[in-house]
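**Q** Make a model of the complete structure from these sequences and hints.
There are 2 protein chains.
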Amino acid sequence: MKYGFGIDLGGTTVKIAYFDETGSMLEKWEIPTVTDNGGAQILPDIAASIRQYIDGSGINETAILGLGIGVPGPVNAKGVVNKCVNLGWGVFNISETLQSLTGFPVKAGNDANVAALGEFWKGGGQGCENMVFVTLGTGVGGGIVVEGQLLHGAHGSGAEIGHLVLNRDETIPCNCGKYGCVEQYCSATGIVRMAKLRLAATDVPSALRGLDNMTCKDIFDAGKAGDALALEVLDQFYNYAGEFLANVCSTVNPEVVVIGGGVSKAGNMLISGIEPYFHKYVFHAASGAKFTLASLGNDAGAYGAFKLALDAFGK
Amino acid sequence: MKYGFGIDLGGTTVKIAYFDETGSMLEKWEIPTVTDNGGAQILPDIAASIRQYIDGSGINETAILGLGIGVPGPVNAKGVVNKCVNLGWGVFNISETLQSLTGFPVKAGNDANVAALGEFWKGGGQGCENMVFVTLGTGVGGGIVVEGQLLHGAHGSGAEIGHLVLNRDETIPCNCGKYGCVEQYCSATGIVRMAKLRLAATDVPSALRGLDNMTCKDIFDAGKAGDALALEVLDQFYNYAGEFLANVCSTVNPEVVVIGGGVSKAGNMLISGIEPYFHKYVFHAASGAKFTLASLGNDAGAYGAFKLALDAFGK
Chain P
390 MKYGFGIDLG GTTVKIAYFD ETGSMLEKWE IPTVTDNGGA QILPDIAASI
440 RQYIDGSGIN ETAILGLGIG VPGPVNAKGV VNKCVNLGWG VFNISETLQS
490 LTGFPVKAGN DANVAALGEF WKGGGQGCEN MVFVTLGTGV GGGIVVEGQL
540 LHGAHGSGAE IGHLVLNRDE TIPCNCGKYG CVEQYCSATG IVRMAKLRLA
590 ATDVPSALRG LDNMTCKDIF DAGKAGDALA LEVLDQFYNY AGEFLANVCS
640 TVNPEVVVIG GGVSKAGNML ISGIEPYFHK YVFHAASGAK FTLASLGNDA
690 GAYGAFKLAL DAFGK
Chain V
390 MKYGFGIDLG GTTVKIAYFD ETGSMLEKWE IPTVTDNGGA QILPDIAASI
440 RQYIDGSGIN ETAILGLGIG VPGPVNAKGV VNKCVNLGWG VFNISETLQS
490 LTGFPVKAGN DANVAALGEF WKGGGQGCEN MVFVTLGTGV GGGIVVEGQL
540 LHGAHGSGAE IGHLVLNRDE TIPCNCGKYG CVEQYCSATG IVRMAKLRLA
590 ATDVPSALRG LDNMTCKDIF DAGKAGDALA LEVLDQFYNY AGEFLANVCS
640 TVNPEVVVIG GGVSKAGNML ISGIEPYFHK YVFHAASGAK FTLASLGNDA
690 GAYGAFKLAL DAFGK
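Protein sequence lines correspond, in order, to chains P and V. Residue numbers for the first sequence follow the numbering used here, beginning at 390 and rising by one. Residue numbers for the second sequence follow the numbering used here, beginning at 390 and rising by one.
Everything labelled a hint here was simulated from the structure, so no lab data went into it. Treat the hints with caution; some may be incorrect.
[To be verified] Straight-line alpha carbon distances no greater than 30 Å define the calculated DSSO-like cross-link-like pairs of lysine-lysine that follow:
1) P/Lys669 / V/Lys472
2) V/Lys669 / P/Lys585
3) P/Lys704 / V/Lys704
4) P/Lys669 / V/Lys669
5) V/Lys467 / P/Lys511
6) P/Lys467 / P/Lys404
7) V/Lys704 / P/Lys467
8) P/Lys391 / P/Lys511
[What the hints assert, rightly or not] Among the chain V residues that face chain P by a calculated CB cut under 10 Å, a handful are:
9) Gly531
10) Gly566
11) Val641
[Unchecked claim] Which stretches of chain P does chain V cover? Using the computed rule of at least three CB atoms under 8 Å from a CB of chain V, they are:
12) 546-557
13) 680-692
From the three backbone atoms N, C-alpha and C, an ideal C-beta is built for every residue, glycine too.
**A** Put into structure tokens, the structure is as follows:
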């Protein structure tokens, strides 16, 4: 039996997990992400944490096939990261660097794509060949699997579906600098933004009025309780989400659309809200895509990162 | 040296070409597509034409590796066509049927995807690994190549990018039954439609006013001559085309976008019109895609069809 590590590198914590080659997660832990000094300490910290785990557990190093890591930014097929803004990183080869720090072979990928691979392997996409994964969280990320393989794209930025244009007339800029991106309407932040705009534009009474720090969950909860304004905002969100997912599915024609991220905690209400709009907008030959919720939660990135290593070094 | 046939099956003619395994087209000809009786005669006609060519040329049959065919409708990986409306066909396995009629192995694909494969192999996409191909013709079709492989999709309908939704408020239906599809604005037909709507909505003088059978070429010609209304319509088209191609590129992140179809005869004027809008709408990490014109013209389908056969049976 071979073993390996899956690493999910985020802006505040690094999740590290130890797997056997069948994909059983044997252990997991977290360390803080230290972004001082341009993130210079991040990879040495990861290497030290893995070394400590190996030494403390008496693991036979020859049984370790390698490491996989998901990174919050574009990564090309050779492991070159291209500016991870949240980490302070510029351009360098993360695979080579982490390999020289640990002594194990390393395979790297974009974090959303890697989480998609995790859901494809052990989560909502199990048993499929073609999958679209979308995370509706603070932002909107995505990952696409085509005939069992992650779509990386020519510059390591495949499946940036949070930045498809949904509304060319938008006057407020997205974080990316463009106008009218999916993320401005379909992220948790975007749904709250739409609710605030709607509250400001009308005098309709609503449970959301006067909430100090309105969250996306507040809006779903109000909707469940029948609040008309909340339902109107959710309907607008479902309409936008149905449209952009229809466009993605008309393009790549998957068997399944897996929805993750904080907004997916709304559960089946979310899917039954999106599906009618999806069917309104999708090309008929691509309408067979089934919607399902992500099932690995915060572990999707670690599973997918280990799968990257398993695919690269497991044979 | 091995040889084979590439067949491009259209609604009015069938283009058949004979290739050697390096991709040199040694001969090509056409036969009419007989759509009477639910298209029952189409495959027997193709088989007879190939038989006649082989017998007339004294070809050694053992050197023939197989046939590839592009079909105007969805085709899955096993060769099952799912309703080719223009041919009168229902659901059956075209690969098995044509193999039993000819005695040669057959690989089938969707016509737009197959043309994409042709341009990828021997046309505008040569030397790339990731390509988006779009045909702006009577309709809008597409094909996507990911790491050297055609994206077929789960139901054989990958890259139906002519039916992405561009305008959710459109009140006139697309031929597909939905509203606001790319094809309604970016096909030759769609550009003429936009010009007619604009002419009806204004009194601005224009060279296009009073033309009996206005064509897309008339609009490009008027635009080149400085006609303000034509330029306005073309700008609207460039804006729509830039937006939907930006969304496709943010999704699949190709090195190159190859534009074919009748509208591509406008040449570099078309590319310089679309590119500024593309850069306005595309996600920065996917903005490296280069635009180029298709170079195989009507032969792209035959080249791609033979490449299908070569990939399947050439080893």
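**Q** Compare the structure with each hint and give your call.
**A** Comparing the hints with the structure gives:
Restraint check: the Cα-Cα separation between P/Lys669 and V/Lys472 comes to about 21 Å, which is no more than 30 Å; the hinted pair holds. A hinted pair counts as satisfied when its Cα atoms are at most 30 Å apart, and V/Lys669 with P/Lys585 qualifies at roughly 27 Å. Restraint check for P/Lys704 and V/Lys704: the C-alpha separation of about 24 Å stays at or below 30 Å, so the hint holds. With a C-alpha separation of about 27 Å, the suggested pairing of P/Lys669 with V/Lys669 holds against the 30 Å cut-off.
This hinted pair checks out: V/Lys467 and P/Lys511 have alpha carbons roughly 27 Å apart, not beyond 30 Å. Restraint check for P/Lys467 and P/Lys404: satisfied, since their Cα atoms lie roughly 23 Å apart, inside the 30 Å limit. Annotation: proposed proximity of V/Lys704 to P/Lys467 holds, straight-line Cα distance about 29 Å (limit 30 Å). Restraint check for P/Lys391 and P/Lys511: satisfied, since their Cα atoms lie roughly 18 Å apart, inside the 30 Å limit.
The criterion of a C-beta within 10 Å of any C-beta in chain P is met by V/Gly531, whose closest approach is roughly 8 Å, and the hint holds. Evaluation of the V/Gly566 hint against chain P yields a held restraint, the C-beta minimum of about 7 Å falling below 10 Å. Checking V/Val641 against chain P by beta carbon gives a least distance of about 6 Å; that is within 10 Å, so the hint holds. Residues of the segment 546-557 of chain P with a Cβ under 8 Å from some Cβ of chain V number 9, which satisfies the need for three, so the listed coverage holds.
For the segment 680-692 of chain P, the stated coverage by chain V is not satisfied: 0 residues place a CB nearer than 8 Å to a CB of that chain, which falls below the threshold of 3.
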